[in-house]
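Can you build the whole structure from these sequences, using the hints too?
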Amino acid sequence: MLTAIDVRKEFATVVAVDGVSLEANRGEILGLLGPNGAGKTTSIRMILNIIQPDSGKILFDGKPFSEEIRDHLGYLPEERGLYRKNKLLNTILYFASLKGIDTAEGKRRAYKWLERFDLLTAYDRKIEELSKGNQQKVQFITSIIHEPDLVILDEPFSGLDPVNQIILKDIMLEMKHQGKAVIFSTHQMDQAEKLCDKICLINKGKVVLEGALADVKSSYGSNTVRIEFDGDPNILSTHPAFSAVQLYDNYAELVLANSIKPHIVLRDISQLLDIRKFENTEPSLNAIFLKMVGTEKRDGQAKEAR
Amino acid sequence: MKKAFAVAKWEYIEKIKSKSFLISLFLTPLIMVGAGIIPSLMMSRPDTESIVIGIIDESGNYEAPLAKALESRYKLANGQPNYLLRQIPFGYTNDFEEVKQRADKMVIDEMIEGYLILKTNILADSIVDYRSKNAGNIKITSRLERALKDVIMEKKATERGINPSIVKEITATVDLKTIKLTKGGKEEEGGFEKIFMSSYIFMMMMFFLIMTSGQLLVRSMLEEKSNRVVEVLMSSSPANHLMAGKILGLSALGLTQIGFWALIGIIASLKFSVTMIPLAGAALLLVYFILGYIFYAAIFVAAGAPLSTEQEAQQVTGYLVIILIIPIMLTIMIIQNPDSTLSKILSYIPFLTASMMAVRIPIQMPSTLEIISTIILLVISSIVAIWVAGKIFRTTILSYGKRPSIKELWLLVKSK
Chain A
0 MLTAIDVRKE FATVVAVDGV SLEANRGEIL GLLGPNGAGK TTSIRMILNI IQPDSGKILF
60 DGKPFSEEIR DHLGYLPEER GLYRKNKLLN TILYFASLKG IDTAEGKRRA YKWLERFDLL
120 TAYDRKIEEL SKGNQQKVQF ITSIIHEPDL VILDEPFSGL DPVNQIILKD IMLEMKHQGK
180 AVIFSTHQMD QAEKLCDKIC LINKGKVVLE GALADVKSSY GSNTVRIEFD GDPNILSTHP
240 AFSAVQLYDN YAELVLANSI KPHIVLRDIS QLLDIRKFEN TEPSLNAIFL KMVGTEKRDG
300 QAKEAR
Chain B
0 MKKAFAVAKW EYIEKIKSKS FLISLFLTPL IMVGAGIIPS LMMSRPDTES IVIGIIDESG
60 NYEAPLAKAL ESRYKLANGQ PNYLLRQIPF GYTNDFEEVK QRADKMVIDE MIEGYLILKT
120 NILADSIVDY RSKNAGNIKI TSRLERALKD VIMEKKATER GINPSIVKEI TATVDLKTIK
180 LTKGGKEEEG GFEKIFMSSY IFMMMMFFLI MTSGQLLVRS MLEEKSNRVV EVLMSSSPAN
240 HLMAGKILGL SALGLTQIGF WALIGIIASL KFSVTMIPLA GAALLLVYFI LGYIFYAAIF
300 VAAGAPLSTE QEAQQVTGYL VIILIIPIML TIMIIQNPDS TLSKILSYIP FLTASMMAVR
360 IPIQMPSTLE IISTIILLVI SSIVAIWVAG KIFRTTILSY GKRPSIKELW LLVKSK
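Protein sequence lines correspond, in order, to chains A and B.
For the first sequence, numbering that gives the first Met the number 0 assigns the number 0 to the initial residue and increments by one for each residue that follows.
For the second sequence, numbering that gives the first Met the number 0 assigns the number 0 to the initial residue and increments by one for each residue that follows.
FYI, nobody ran anything at the bench for these hints, they're computed from the structure.
Check before you lean on any hint, since a few could be wrong.
Not everything, but these chain A residues come out facing chain B in the computed CB check (under 10 Å) [stated by the list, open to error]:
#: 1; residue: Ile49
#: 2; residue: Arg69
#: 3; residue: Asp70
#: 4; residue: Phe94
#: 5; residue: Gln187
Computed far set for chain A versus chain B, every beta-carbon distance over 12 Å [what the hints assert, rightly or not]:
#: 6; residue: Glu22
#: 7; residue: Lys84
#: 8; residue: Asn133
Using N, Cα and C, we set each Cβ at its ideal position, and we do this for glycine too.
In structure tokens, the structure reads:
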């Protein structure tokens, strides 16, 4: 569906995107990952033709951007907001009309979505009267009301309660099964890990890691152990068996130093801590992210990276 | 252009429902009518009761003739004299200050409207004091002045042995009846005030219209920026269509407003039989109005797109108000000399063209050449303004933070 080839964008003082290539296919969810300021939003804006790349190509099914394609793109920006003073249904219909959906069809679809998000009774209320989470649901509806072939969702889960997160996750998977291409931009690695077929990790304007999620993870080997425990976690941070350590209060993700066998480590640390769970596995996406982005330290960073 | 219309429709419908639009829709004509008609109503409203004017007549020679002069000239509807003179006598001491104090008190206590002081040497210096709480009441003072003039003239004439009625005949005042000639040779009676008011009202309406809708536009762009709706808009519609839609919606809004006001105006003119600008002139005014409006709408788009805070918006709209106020300040000068070179030159400044013409057309129709050339100028300026606004809009609508300087904007416009 979407192919970006060697796209570059420079602003007055910084190179925001430096030769990014990525591909989003129908029936796939592509995780667009990266730290703050990595160039994700700029990449997204170029894909949507909001801004023009300085060089590089962005193709849709092999063709360059055209006005027709615009109506088949959907976008949920990271920073949320709608017209506060306007009524819910009118707002949805306006955005639908901008995508070429007439009022009658727009209404039919709007009611369907409002019902799904349990907002049907609020259709005549003003946006500002809704809770933040509900506003976000409305905004999500506006981004997919025209049934886009490519939908770009920037942090769609933030601010939603667990119930609505499940609804949203279901919709994303539905879209995938309907053969839509979904680009899912997020900082939340656990969400990305659960949903994405492919990932594309951007750092400082460059793609630093990409590919099918399973391949990416297995390429990092299976020398990771995750443990749940009771006791003083600081013992782990200085333990010589680990080359990388992420500590939480009673959970840790550890990378084994070369040629250290998991069962030896287990025997060793079970004398120091009260181990409840021990798992030898591939690294989590979170660990990969931290490694690639290079903020990983042996300790202290865990809370920020969660 | 389908998307431009979708944007225009949204802008129009959402703004027409907004409170500030409704307020300006109804309040502006009220203020206009209020400012224009109430003072003249007050001026011409006949008194219903006699007004008592005090008089300190040092020589005692003037009270009776002045009373007669006033009575013969000004009568109430019921035939009673409009002004009654009341002698304020000197006390036993013949002290001038004392009698003045007493008279002042009468004014303060509202026993008399005011009082005149006629000294003995009045024939020599022709100075009469009028003391009143309301010294600015032109109606009373001008009438008193006229009556006094008659009385003094009569006295002077008799002193010199001339028959006062001869003097009166010789010095008869001329009433200048102004008749405005229009192209078709039609005569139209219209005083300065009437012309002034029709030009002035028109320009004020234009001013208010551009201000209110311009501010609405800037505010809504600011909202779209701060809630990031603009990103979704930009991904849904080309920037040019988005801007065109905004200008279109705003223009439709302006036309609605002017249409509504025109309706009020027509009803008012039918009801009170006020002379209005002839229809041909009105149609021409409308052309200028629409063009001027589009021109300013583009300016507001260009000015509003780079802003990201309410404070900046207030600052920038403040500058625009100053530009818009210039023609209003020049009105009186233009009305006096609608065909002067200065008026003509000013008409060729796109910022002022529409309002200048709004003032000039009702007074004296400018030459056809001038009309055509200014319209062409305004069309070109509007196109240029839209083009410039488009460039600024495209690049700055997504930028936040520091407002770009004029120089930066200029570089932006020049860039490809």
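Do the hints match the structure? See the list:
no.: 1; hint: Ile49; verdict: 4 Å, holds
no.: 2; hint: Arg69; verdict: 7 Å, holds
no.: 3; hint: Asp70; verdict: 8 Å, holds
no.: 4; hint: Phe94; verdict: 7 Å, holds
no.: 5; hint: Gln187; verdict: 20 Å, violated
no.: 6; hint: Glu22; verdict: 20 Å, holds
no.: 7; hint: Lys84; verdict: 8 Å, violated
no.: 8; hint: Asn133; verdict: 15 Å, holds
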